[in-house]
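Colleague: Let the sequences and hints guide you as you build the complete structure.
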Amino acid sequence: EDKVVQSPLSLVVHEGDTVTLNCSYEVTNFRSLLWYKQEKKAPTFLFMLTSSGIEKKSGRLSSILDKKELFSILNITATQTGDSAVYLCAVRVDNNDMRFGAGTRLTVKP
Amino acid sequence: NAGVTQTPKFQVLKTGQSMTLQCAQDMNHNSMYWYRQDPGMGLRLIYYSASEGTTDKGEVPNGYNVSRLNKREFSLRLESAAPSQTSVYFCATSRHTDYEQYFGPGTRLTVT
Chain A
3 EDKVVQSPLS
13 LVVHEGDTVT
23 LNCSYEVTNF
33 RSLLWYKQEK
43 KAPTFLFMLT
53 SSGIEKKSGR
63 LSSILDKKEL
73 FSILNITATQ
83 TGDSAVYLCA
93 VRVDNNDMRF
103 GAGTRLTVKP
Chain B
-3 NAGVTQTPKF
7 QVLKTGQSMT
17 LQCAQDMNHN
27 SMYWYRQDPG
37 MGLRLIYYSA
47 SEGTTDKGEV
57 PNGYNVSRLN
67 KREFSLRLES
77 AAPSQTSVYF
87 CATSRHTDYE
97 QYFGPGTRLT
107 VT
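Residue numbers (our numbering), protein chains in the order written: chain A, 3 to 112; chain B, -3 to 108.
None of these hints come from the bench; they were simulated from the model.
Model, not experiment: these values are computed from the prediction.
Heads up, the beta-carbon is just placed ideally off N, CA and C, and yes, glycines get one too.
Listed next, with one range per pair, are the computed distances between beta-carbon atoms: (1) A:Pro112 - B:Thr1: 30 to 40 Å; (2) B:Lys53 - A:Val7: 22 to 32 Å; (3) B:Pro79 - A:Lys69: 36 to 46 Å; (4) B:Met15 - A:Glu17: 38 to 48 Å; (5) B:Arg68 - A:Lys42: 19 to 29 Å; (6) A:Leu72 - B:Val8: 34 to 44 Å; (7) B:Asn24 - A:Gly84: 25 to 35 Å; (8) B:Thr50 - A:Ser12: 33 to 43 Å.
Modeller: In structure tokens:
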């Protein structure tokens, strides 16, 4: 059975801290891994990763994939209160099905 | 551009009633998806449509049907609602199936 596991489930930090969110997966036919940010409503797209070892970066956020060890990390540096959200990891499998993890709830305190 | 729109925003049904959730997009995307999101469980794919005229089952299709009416619209039907279908339903679209997805605002459905 395809499985995506995120850790930690929740995290509380202070503004300015750096955080690392983890996503591990076991799927039959991997195509890509995606990260989303979900605040109160709809998830918004952050990154899509298909190749190992190539870092994707957008401002203070970055992500990398390791296809040998079957995991990805999402880093956020110099966190701000606006980074508070649930971060979702999803894996696209060969039949175009998507498997989401349960998410990591990040709270950034002033 | 509205992006991805969903109607209704909220709905309360009694067990056994039927209803259709509507999704429309003006992004000219080929692929569309229906997900449900339950507390602590993340998003689960119900059905998707890789392109106009095709539909396929996702992880949790039982109790649902879909129609890809045209390129813009993808509807989700509950024929006989059950309390286990109480959830938040999201529609999403992507340029093609290998691209990132864009989500609508969601429909909160309660079945009593």
